[in-house]
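Engineer: Single-letter residue listing:
There are 2 protein chains.
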Amino acid sequence: MTRYALGIDVGATKVAVATISEDLLVRQKQEVATQAGDGEQLWSKIEEVIASFLGSETGALLGIGVASAGPLDIPHGTLSPVNIPVWRDFPIIERLESISGGTKVALHGDALALAHAEHAIGAGRGWENMLGMVVSTGVGGGLILNGKVFPGETGNSCYIGHHSINFDGRLCVCGRQGCVEAYSSGPRMVAIAHENGFDPQLKTFIDLAQSAREGNAIALEAISQGTRALSIGIINFIGTLDINHVVIGGGVAEAGEIFWKPLRAHIEAESKAIGFLKNIQLRKAELQRDAGILGAALAVLR
Amino acid sequence: MTRYALGIDVGATKVAVATISEDLLVRQKQEVATQAGDGEQLWSKIEEVIASFLGSETGALLGIGVASAGPLDIPHGTLSPVNIPVWRDFPIIERLESISGGTKVALHGDALALAHAEHAIGAGRGWENMLGMVVSTGVGGGLILNGKVFPGETGNSCYIGHHSINFDGRLCVCGRQGCVEAYSSGPRMVAIAHENGFDPQLKTFIDLAQSAREGNAIALEAISQGTRALSIGIINFIGTLDINHVVIGGGVAEAGEIFWKPLRAHIEAESKAIGFLKNIQLRKAELQRDAGILGAALAVLR
Numbered sequence: 018m019t020r021y022a023l024g025i026d027v028g029a030t031k032v033a034v035a036t037i038s039e040d041l042l043v044r045q046k047q048e049v050a051t052q053a054g055d056g057e058q059l060w061s062k063i064e065e066v067i068a069s070f071l072g073s074e075t076g077a078l079l080g081i082g083v084a085s086a087g088p089l090d091i092p093h094g095t096l097s098p099v100n101i102p103v104w105r106d107f108p109i110i111e112r113l114e115s116i117s118g119g120t121k122v123a124l125h126g127d128a129l130a131l132a133h134a135e136h137a138i139g140a141g142r143g144w145e146n147m148l149g150m151v152v153s154t155g156v157g158g159g160l161i162l163n164g165k166v167f168p169g170e171t172g173n174s175c176y177i178g179h180h181s182i183n184f185d186g187r188l189c190v191c192g193r194q195g196c197v198e199a200y201s202s203g204p205r206m207v208a209i210a211h212e213n214g215f216d217p218q219l220k221t222f223i224d225l226a227q228s229a230r231e232g233n234a235i236a237l238e239a240i241s242q243g244t245r246a247l248s249i250g251i252i253n254f255i256g257t258l259d260i261n262h263v264v265i266g267g268g269v270a271e272a273g274e275i276f277w278k279p280l281r282a283h284i285e286a287e288s289k290a291i292g293f294l295k296n297i298q299l300r301k302a303e304l305q306r307d308a309g310i311l312g313a314a315l316a317v318l319r
Numbered sequence: 018m019t020r021y022a023l024g025i026d027v028g029a030t031k032v033a034v035a036t037i038s039e040d041l042l043v044r045q046k047q048e049v050a051t052q053a054g055d056g057e058q059l060w061s062k063i064e065e066v067i068a069s070f071l072g073s074e075t076g077a078l079l080g081i082g083v084a085s086a087g088p089l090d091i092p093h094g095t096l097s098p099v100n101i102p103v104w105r106d107f108p109i110i111e112r113l114e115s116i117s118g119g120t121k122v123a124l125h126g127d128a129l130a131l132a133h134a135e136h137a138i139g140a141g142r143g144w145e146n147m148l149g150m151v152v153s154t155g156v157g158g159g160l161i162l163n164g165k166v167f168p169g170e171t172g173n174s175c176y177i178g179h180h181s182i183n184f185d186g187r188l189c190v191c192g193r194q195g196c197v198e199a200y201s202s203g204p205r206m207v208a209i210a211h212e213n214g215f216d217p218q219l220k221t222f223i224d225l226a227q228s229a230r231e232g233n234a235i236a237l238e239a240i241s242q243g244t245r246a247l248s249i250g251i252i253n254f255i256g257t258l259d260i261n262h263v264v265i266g267g268g269v270a271e272a273g274e275i276f277w278k279p280l281r282a283h284i285e286a287e288s289k290a291i292g293f294l295k296n297i298q299l300r301k302a303e304l305q306r307d308a309g310i311l312g313a314a315l316a317v318l319r
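Keeping their order, the protein sequence lines are chains U and H.
Just so we're aligned, residue 18 is where the first sequence starts under the working numbering, counting upward by one.
Just so we're aligned, residue 18 is where the second sequence starts under the working numbering, counting upward by one.
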């Protein structure tokens, strides 16, 4: 009898629901827009998709995995995704347990899910240790150590975007000073460019990257600063752990060489001082949009 | 038949050699001063002690563990301890293998050995995850994850003293800028105090701590800055990993409340922004001088 998992990826604009086989093939997949009325209405639509999938699948359901944008309260099983204001402390684990008759339900951050999926069947295949990162509207991460996900004590590892690399530096939204994310997320690179006179009509990282490709000095400098900060964060963390493999996904990482070229240069400069980091490998994530549902499902499949 | 390990702790002024039983009791122990002629003469004295121990012990030798001050080249099995200039790329693993007839030999950094020993029978007993640190003439660490030592890919985890917390800050001896160690080691706190007018006759951290206890404002400020930097490094790392337990040993940690009081206050301030770090426990190392030989022996006993 075939067995499968349900994977749910809670993103900013949509919630993806999918059934995934044990060999990590996506069987059925459907997306629900998050701008769909209040929190209960959104849940009803998701519940409908789940019911239809569970009704039509053959084989045994092994469990349900959820990957979500933060903040999460994993011990309590609740979500408060920044971009889904109708869900605050939404008890997704309880809801899923009640409709699935006590099957295993797991909740992880979206960056941890990406790391898990990229390690299993993406850019990090075969690596014993790996830092997976999402660089997008925020900067997050997930860790593979000794071949397994290291979720941390409350599931919040690896919270790499909010470690401070400049203790008297920019105040971060989190309350600390000089966090990696305060320099390196897409919106923060754009904001820093605006401070330096970048065209206020151009508001997104896609705009910033395009201007940089066209030679705009302010845009180039903002990306250089952002990738420098990111490289310091990466080297801080892989240097302290003594691991060598990094996979980066997320919208910013999709910008191509305008992001990767300065990042590689800063990584090389910053790693020189750490003699034992001799085999750094830095790769772009491969799985694109399915990383979330695959990583979610992996939490119950592996 | 009883079984035992040989533990060797290479420090700045002495090399301790001991036999340790499987239940972690020190059976025999002897120290060799490191200022004892050239590198081969030093080795001869150590070899003599080892031969005498191996000759007089009953039971089976399970292996030899070495804990050493850095830098180490663990893949090549060599030592170049900063304070033992007669040993540069000294091939200790090869030497030990040749005199012990092919028994297992393991080499770890001294901070990793401390973490291992404190976790096994010291201040970190029973903790699933733990950051162990040595704050002394340098700042080093060792990690316990899921109940086991995480040595990293070349044995250099956890290199916490050389992660940058101030990317445009003080140049560190390692070559990076703004490393934790550049603010928080004993000698660096003294040097920063001297920059601010602290009595040049007073040269050690013991002097600095005593002046601080007597109310010297420059000394108090240097310790406040040093413990702030240390707390940022600790929170960066335990926050990113989502772990809660920290044990600190080393000469600076022996200074008492003049060190621990500001450290605790900075840890509390710095951790506030990380909502999931709710159970931070910060303890002083318990094992004192035997931590090195015990941690060394543990590498072959466990």
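Calculated directly from the structure, the hints in this document are not laboratory data.
Watch out, some of these pointers could steer you wrong.
With a cut-off of at most 30 angstroms between alpha-carbon atoms, the simulated DSSO-like pairs for lysine-lysine come out as follows [what the hints assert, rightly or not]:
| # | chain 1 | residue 1 | chain 2 | residue 2 |
| --- | --- | --- | --- | --- |
| 1 | U | Lys301 | U | Lys46 |
| 2 | H | Lys121 | U | Lys165 |
| 3 | U | Lys165 | H | Lys165 |
| 4 | U | Lys121 | H | Lys121 |
| 5 | H | Lys165 | U | Lys295 |
| 6 | H | Lys121 | U | Lys295 |
| 7 | H | Lys46 | U | Lys165 |
| 8 | U | Lys31 | H | Lys121 |
| 9 | H | Lys165 | H | Lys220 |
Sample of chain H residues with no beta-carbon within 12 angstroms of chain U, all distances over it, derived [said to hold, decoys possible]:
| # | residue |
| --- | --- |
| 10 | Ala29 |
| 11 | Pro217 |
| 12 | Ile252 |
Where is the CB? At the ideal position from N, CA and C, for every residue including glycine.
Engineer: Each hint should be assessed against the structure and marked as holding or not.
Structural biologist: Quick rundown of the hints versus the structure:
1. As the CA atoms of U:Lys301 and U:Lys46 are separated by approximately 24 angstroms, the hinted pair is consistent with the 30 angstroms bound.
2. In summary, the hint linking H:Lys121 to U:Lys165 is supported, as the alpha carbons are separated by about 27 angstroms, within the 30 angstroms threshold.
3. Taken as a hint, the U:Lys165 and H:Lys165 pair is honoured in the structure, with Cα atoms around 14 angstroms apart against an allowance of 30 angstroms.
4. For the hint pairing U:Lys121 with H:Lys121, the CA-to-CA distance comes to about 43 angstroms; that exceeds 30 angstroms, so the pair is violated.
5. About 25 angstroms separates the Cα atoms of H:Lys165 and U:Lys295, which keeps this hinted pair within 30 angstroms; it holds.
6. The hinted pair formed by H:Lys121 and U:Lys295 meets the criterion: a straight-line CA distance of about 26 angstroms does not exceed 30 angstroms.
7. Of the pairs offered as hints, the one joining H:Lys46 and U:Lys165 is violated, with about 40 angstroms between alpha carbons and a cut-off of 30 angstroms exceeded.
8. For the hint pairing U:Lys31 with H:Lys121, the CA-to-CA distance comes to about 55 angstroms; that exceeds 30 angstroms, so the pair is violated.
9. Taking the CA atoms of H:Lys165 and H:Lys220, the gap is about 39 angstroms. The hint is violated against a cut of 30 angstroms.
10. Under the 12 angstroms C-beta cut-off, the non-interface status given to H:Ala29 relative to chain U holds; the minimum distance is some 21 angstroms.
11. Chain U leaves H:Pro217 outside its interface by the beta-carbon criterion, the shortest separation being 27 angstroms against a cut-off of 12 angstroms.
12. At the 12 angstroms boundary, the C-beta of H:Ile252 falls inside the reach of chain U, the nearest C-beta of that chain being 8 angstroms off.
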